[in-house]
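Novice: Put together the whole structure using the sequences plus the hints.
These protein sequences, in sequence, are chains A and B.
In this text, residue positions in the first sequence follow the numbering used here: the first is 193, and each later residue adds one.
In this text, residue positions in the second sequence follow the numbering used here: the first is 193, and each later residue adds one.
Be aware that one or more of the hints could be misleading.
One copy or two, either will do: identical chains are not told apart, so a pair holds if it fits within one copy or between any two.
Claimed, not checked - Derived BS3-like pairs: lysine-lysine, alpha-carbon spacing no greater than 27 Å straight-line:
1. Lys245 <-> Lys212
2. Lys299 <-> Lys344
3. Lys245 <-> Lys268
4. Lys245 <-> Lys299
5. Lys344 <-> Lys268
6. Lys344 <-> Lys253
7. Lys268 <-> Lys302
8. Lys302 <-> Lys344
9. Lys299 <-> Lys268
10. Lys351 <-> Lys253
11. Lys351 <-> Lys302
12. Lys253 <-> Lys268
13. Lys212 <-> Lys302
14. Lys351 <-> Lys245
15. Lys344 <-> Lys245
Simulated from the structure, these hints should not be mistaken for laboratory data.
There are 2 protein chains.
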Amino acid sequence: MEGQRKGSFNVMEGSEANGKRWCGSVVRTCDLVLRLLAFLLTLVAAVVIGADKQTAVVPIKLVESMPPLYVPVAAKWHYLSAFVYFVGANAMACTYATLSLLLSLGKRRKWMETVITVLDTLMVALLFSSNGAAIAVGLLGLQGNSHVHWNKVCNMFGKFCDQVAASLFISLLGSITFLLLLLLPQLFRLKQTT
Amino acid sequence: MEGQRKGSFNVMEGSEANGKRWCGSVVRTCDLVLRLLAFLLTLVAAVVIGADKQTAVVPIKLVESMPPLYVPVAAKWHYLSAFVYFVGANAMACTYATLSLLLSLGKRRKWMETVITVLDTLMVALLFSSNGAAIAVGLLGLQGNSHVHWNKVCNMFGKFCDQVAASLFISLLGSITFLLLLLLPQLFRLKQTT
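Specialist: This is the structure:
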């Protein structure tokens, strides 16, 4: 009787240990895939906006009674500080994603995992704040604001704005990837407790 | 000899268990204090910008050759979508901080802790993105941007801008508090492994 009970305990413990090991390996694989994805997305986002430049011929009125002068005007990402912060944040996140991916490929010690989780959290804060800043300024460029007399500029620099929008979308995906890196172990823990 | 060894093991295990229990209670106390702080900071940030309003008499030129007309113009937070998002995000974070504080005061189950950590992470993303958006637009109001011909407005609405800056600073502290809520268990884990 005693032996039977011990035997059934061992089978249950064994299957529980197997389940935990399986969960651990799934989390580890997802972690590596997400880091690779985060690296690619933040890299592409920084490159797409970094290479963004457009020159358009814009009518400028010097005197009200005279016809406007047509002057070539260039639009560059570094004219707006929100975009500079956006590029810097994506470049930092991209560098960090590379380093953390390389570290994750090797044997991960407990303190190293903790340091990586802390840095992942800081990257989420950095990326989301830079996305918020760039999207806010991008929307002003697209729609303008009549209350503060800020005219929209995207009607003159359509290609430039399209490229900014693409970069913002890609970076948002990169930020969500970093968010998933934080949420993944929590979601698996939730699955285990239910 | 055997009894002595067992005794010393028991003493070590006991002190380790005591240390873990002490660490756990410190983390729990810090968690409650941080949640209370997050509630207060996000509440004050939302109220300070929500109550922000200023009317200034601004010169407006209708015809170049005529003297300007002096017109009273109002500045309100909901004129800019970035500030609307900022107030919404702070209000949501404030409500969540209250609910999570009440839940944390009771007995915390494992699944509940996981859900709270997931929601804390989402709050960090939400608050940092809203801070980024509001700071970017606030800086444009303060400095303007000559490249896109967006004039600064803070020279005319000084009190309004000061109140926005105060709210942004308080909300930034609130966001850092939510960030600390995520980092706190990690930092204690790091202390335990070193």
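Novice: Confirm or reject each hint.
Specialist: Hint-by-hint comparison with the structure:
1. Proximity of lysine 245 and lysine 212 under a CA criterion of 27 Å is satisfied in neither setting, with 51 Å inside one chain copy and 57 Å between copies.
2. In this assembly of identical chains, lysine 299 and lysine 344 lie within 27 Å of each other by CA distance neither inside one copy nor across copies; the values are 52 Å within and 54 Å between.
3. In this assembly of identical chains, the alpha carbons of lysine 245 and lysine 268 lie at most 27 Å apart only when taken from the same copy (5 Å versus 34 Å across copies).
4. For the homomeric pair lysine 245 and lysine 299, neither the shortest alpha-carbon distance inside one copy (44 Å) nor that between copies (57 Å) is at most 27 Å.
5. Taking the shortest Cα distances, lysine 344 and lysine 268 sit within 27 Å of each other both inside one copy (16 Å) and across copies (20 Å).
6. For the homomeric pair lysine 344 and lysine 253, the shortest alpha-carbon distances inside one copy (17 Å) and between copies (21 Å) are both at most 27 Å.
7. Neither within a single protomer nor between protomers do lysine 268 and lysine 302 lie at most 27 Å apart by alpha-carbon distance, with minima of 45 Å and 50 Å respectively.
8. When the C-alpha separation of lysine 302 and lysine 344 is checked against a cutoff of 27 Å, the pair qualifies neither within a copy, at 51 Å, nor between copies, at 51 Å.
9. Neither within a single protomer nor between protomers do lysine 299 and lysine 268 lie at most 27 Å apart by alpha-carbon distance, with minima of 44 Å and 55 Å respectively.
10. In this assembly of identical chains, lysine 351 and lysine 253 lie within 27 Å of each other by CA distance solely inside one copy; the values are 24 Å within and 33 Å between copies.
11. Taking the shortest alpha-carbon separations for lysine 351 and lysine 302, neither the intra-copy value of 48 Å nor the inter-copy value of 51 Å comes in at or below 27 Å.
12. In this homomeric assembly, lysine 253 and lysine 268 come within 27 Å of each other (Cα to Cα) only inside a single copy, at 23 Å, whereas the closest approach across copies is 31 Å.
13. Taking identical chains as interchangeable, the C-alpha atoms of lysine 212 and lysine 302 lie at most 27 Å apart whether they share a chain (17 Å) or sit on different chains (17 Å).
14. When the C-alpha separation of lysine 351 and lysine 245 is checked against a cutoff of 27 Å, the pair qualifies only within one copy, where the shortest distance is 9 Å, while the shortest distance between copies is 37 Å.
15. When the C-alpha separation of lysine 344 and lysine 245 is checked against a cutoff of 27 Å, the pair qualifies both within a copy, at 17 Å, and between copies, at 25 Å.
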